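Trainee: Each chain, letter by letter, is given below.
2 protein chains.
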Amino acid sequence: MDIAILFGGSSYEHEISIVSAITVKKVLKNFNLSFIFCDANRDFYLIDSKDMKSNYFANGDYKKAKELTLIKNGFASKGFFGLKRVDLGVILNLIHGRDGEDGKIASLLEFNKLDYISPRVDASVLSYNKLYTKLYAKSVGVDFVPYRVLNSTDNRDIELEYPVIIKPVRLGSSIGVSIVKEHSELDYALDVAFEFDNQVIIEPFIDGVLEYNQAGCKTDKFELSIIEEPNKEEFLDFDKKYLDFSRDGKVEDANIDRELRDNIQDSFKRVYGTLFEGAIIRCDFFVVNGKVLLNEINPIPGSMANYLFKDFSSMVERLSKNLPKEQDIKINYQYINSIQSAKGGKA
Amino acid sequence: MDIAILFGGSSYEHEISIVSAITVKKVLKNFNLSFIFCDANRDFYLIDSKDMKSNYFANGDYKKAKELTLIKNGFASKGFFGLKRVDLGVILNLIHGRDGEDGKIASLLEFNKLDYISPRVDASVLSYNKLYTKLYAKSVGVDFVPYRVLNSTDNRDIELEYPVIIKPVRLGSSIGVSIVKEHSELDYALDVAFEFDNQVIIEPFIDGVLEYNQAGCKTDKFELSIIEEPNKEEFLDFDKKYLDFSRDGKVEDANIDRELRDNIQDSFKRVYGTLFEGAIIRCDFFVVNGKVLLNEINPIPGSMANYLFKDFSSMVERLSKNLPKEQDIKINYQYINSIQSAKGGKA
Chain A
2 MDIAILFGGS SYEHEISIVS AITVKKVLKN FNLSFIFCDA NRDFYLIDSK
52 DMKSNYFANG DYKKAKELTL IKNGFASKGF FGLKRVDLGV ILNLIHGRDG
102 EDGKIASLLE FNKLDYISPR VDASVLSYNK LYTKLYAKSV GVDFVPYRVL
152 NSTDNRDIEL EYPVIIKPVR LGSSIGVSIV KEHSELDYAL DVAFEFDNQV
202 IIEPFIDGVL EYNQAGCKTD KFELSIIEEP NKEEFLDFDK KYLDFSRDGK
252 VEDANIDREL RDNIQDSFKR VYGTLFEGAI IRCDFFVVNG KVLLNEINPI
302 PGSMANYLFK DFSSMVERLS KNLPKEQDIK INYQYINSIQ SAKGGKA
Chain B
2 MDIAILFGGS SYEHEISIVS AITVKKVLKN FNLSFIFCDA NRDFYLIDSK
52 DMKSNYFANG DYKKAKELTL IKNGFASKGF FGLKRVDLGV ILNLIHGRDG
102 EDGKIASLLE FNKLDYISPR VDASVLSYNK LYTKLYAKSV GVDFVPYRVL
152 NSTDNRDIEL EYPVIIKPVR LGSSIGVSIV KEHSELDYAL DVAFEFDNQV
202 IIEPFIDGVL EYNQAGCKTD KFELSIIEEP NKEEFLDFDK KYLDFSRDGK
252 VEDANIDREL RDNIQDSFKR VYGTLFEGAI IRCDFFVVNG KVLLNEINPI
302 PGSMANYLFK DFSSMVERLS KNLPKEQDIK INYQYINSIQ SAKGGKA
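So the protein sequences, as listed, match chains A and B. Residue numbering for the first sequence is 2 to 348, as defined by the working numbering. Residue numbering for the second sequence is 2 to 348, as defined by the working numbering.
Calculated from the structure, these hints are not laboratory results. The structure presented is a predicted model; accordingly, all values stated were derived computationally and were not measured. Just so you know, not all the hints are guaranteed correct.
Identical copies look the same in the list; a pair holds intra-copy or inter-copy alike.
Unchecked claim - The calculated lysine to any residue pairs, modelled on SDA-like cross-linking and capped at a C-alpha distance of 25 Å, are:
| no. | residue 1 | residue 2 |
| --- | --- | --- |
| 1 | K64 | A77 |
| 2 | K182 | D192 |
| 3 | K54 | L29 |
| 4 | K64 | I207 |
| 5 | K85 | N74 |
| 6 | K54 | I257 |
| 7 | K222 | I340 |
| 8 | K79 | L161 |
| 9 | K322 | E224 |
| 10 | K270 | S185 |
| 11 | K64 | D329 |
| 12 | K182 | E162 |
| 13 | K27 | A343 |
| 14 | K26 | E229 |
| 15 | K326 | D192 |
| 16 | K311 | R262 |
| 17 | K322 | D254 |
| 18 | K73 | D62 |
| 19 | K326 | E160 |
| 20 | K331 | Y57 |
| 21 | K67 | G80 |
| 22 | K326 | R248 |
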């Protein structure tokens, strides 16, 4: 089966997307893989499998690779005699952050009628923005961590119960995120977050909170991963997250009782719903006083959360055969024609 | 000033987009206009001004026009010697419904770094879907018509207080919308709506409700239109809406008191916020028991609601000079390089 891994992007998470792609290459070795790199300028390149090393991108060598352009139903390579279609199979969107997770790549692929594994545009917008994630969670009956929103133009003279965690609404991988333990640290943390976004979300920081990650997708049925209890760290900074994106070893299923497992799985399915069809996502949950709270949705998790699945390869294959199809809209110019005939054929 | 009107699209509203474009052509006659048609297959054509007649599209003559392709920073025409850049100025997205209002066109233009007048991808997704519009309205403190949601797979055995209005969550221009006066009509109305979407929204139908439309945008400041009290009809069916999209005459400012006007304008500004920057939108409000309720957001209103503005042309010019700019993200491969040096330079 042919799969093309699309990675890179004009994103703060450009580099971890490269790490993710290198990892997924190892994990999906049974497929006939291609690699499409989207560079910082958003030009596409077809990368040879042997060149899938982080250095190749960091030192600019990728510019010697064949340049690609997105056309109807696929990609084409640019050559002396114009465009030449290259058949790459199903696209696996592995661009983290902007472009990949904000709906742009999904839009490009959908508009050009490619088959692709990725959250669709709606799913991207609702999960890329942490505020919209809360609104969506509420609409599907899933509890979430309480929050307040602050705009960069708002008065900062606010009453908070410390410690709190401050996050730009639109970024992943802990970029711009701070834990604020007392009021005197608030201003600096807000400055940091507002460097990345004009809106931030403020949540209570719960030290030592029980945390569980559940990944999954819908093929002809729901396919859920094991539940991971991630390593306890105050929170993962960018360097640690970076390493986190290269995970390919298996992890242990969390040692939790049946009821909690059911609650986590039920919350995951509610979040996934029909909105995330076509995507493999990971939801991070907190458990507070026995209640399962959605912390965040990772619509394109690091290395596709491959390490949480028993047989990631087979699942990707099943998903590739169960991708959502765009509704066919027939345009027959019935209204224009009827108006034309009413007007006696004059435009 | 150069403006390119982009219209058509793979959308149930393809034909009214053509009507809209012909109307806006008349209204923006002081500009140096170009016309980019997106056909049902999503191929782009550069249309000569003299050919901007509905017949030209309905009978397929447009296929003789120059084909365009979207490239970095603009459009290019396809010729014997490859692509040739054509300089068309700011793009005015006038594709109603799918493609234009669902975030796909915004994504294409943003990804390729064009200047464009249109809701951005977030704004599109939140306003194209009537359920998400409610969630968003709530988050910005704007009241809305109460509702319930039904999925196509849900049990239809529901208690409702009739009459109700049933709408597919994702379409505009009254497509698939029915007023249901009693329980016996419910099943058919749901069948109709579910032909267009797998989720519908059910609202109380308030006969003779006070309705007011407010359009506007943000240039260097908010620019609001007059407030229109639209013609009372039970609701506009597709044919009447069609004619509605060709409006270019001026209308009267609604005869309402200062307080109501302030409330409507305040609600509009809350909805517009920062989310809709770059777009000219129209919000349709109901007034029930003195309370202003958001009925819907038209992120790309018919003929851009030109007829509501005193000087539409000048406003479009100001908006063109105040479009949101994408944040610049520098990618310096700092993390890959630091990992490389820790590993002694081996990839």
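Trainee: Go through the numbered hints given earlier and state which of them the structure violates, listing their numbers in rising order.
Mentor: Structure breaks hints 4, 6, 7, 8, 10, 17, 19, 22.
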